[in-house]
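Asks: Sequence:
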Amino acid sequence: MNNKDFIQRLSQRLGMPQDDAQATLNKAIDIMGDIFQEGDSIQMPNFGTFEVKKRLERVVVNPSTKQRMLVPPKLVLGFKPVASVKEKLKNGGVGNE
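Just so we're aligned, residue 0 is where the sequence shown starts under numbering that gives the first Met the number 0, counting upward by one.
If you are wondering where the hints come from, they were derived from the structure by calculation, not from laboratory data. Heads up, none of these hints are tricks.
List time: in silico DSS-like cross-link candidates among lysine-lysine, alpha-carbon distance up to 25 Å: (1) K52 x K79; (2) K26 x K52; (3) K53 x K73; (4) K26 x K79.
Simulated restraints on C-beta separations: (5) S83 x V60: 38 to 44 Å; (6) I28 x N61: 31 to 37 Å; (7) I34 x V60: 32 to 38 Å.
Values in this document were obtained by computation on a predicted structure and should not be read as measured data. Each residue gets a CB set at the ideal place from its N, CA and C atoms; glycine is no exception.
Produce the complete structure using the sequences and hints provided.
Replies: And the structure:
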């Protein structure tokens with residue numbers, strides 16, 4: 000699903016024009032970005048948890064040259080769905096709506 004299709008569905012469910020739905024979504028994404036920049040996590044009931052994790056420094060080997068390289072530490076964004084969402088996905092999207 001692309002952004003246009005998602006905004007269309009969102010606007011229909013919220014009963015608002017697509018421009019307003021797009022603006023609302025953009026504001027929510029901006030706020031989420033700010034929270035992630037602070038290193039905090041976001042828990043969404045009935046959906047899951049977004050959290051910033053620190054990936055440690057590690058050594059990797061280039062398979063073609065056998066050269067070892069040091070990969071610096073970095074922050075990555077992770078998502079852990081709640082059990083009900085996991086179960087729905089396991090069952091091919093079938094489940095309680």
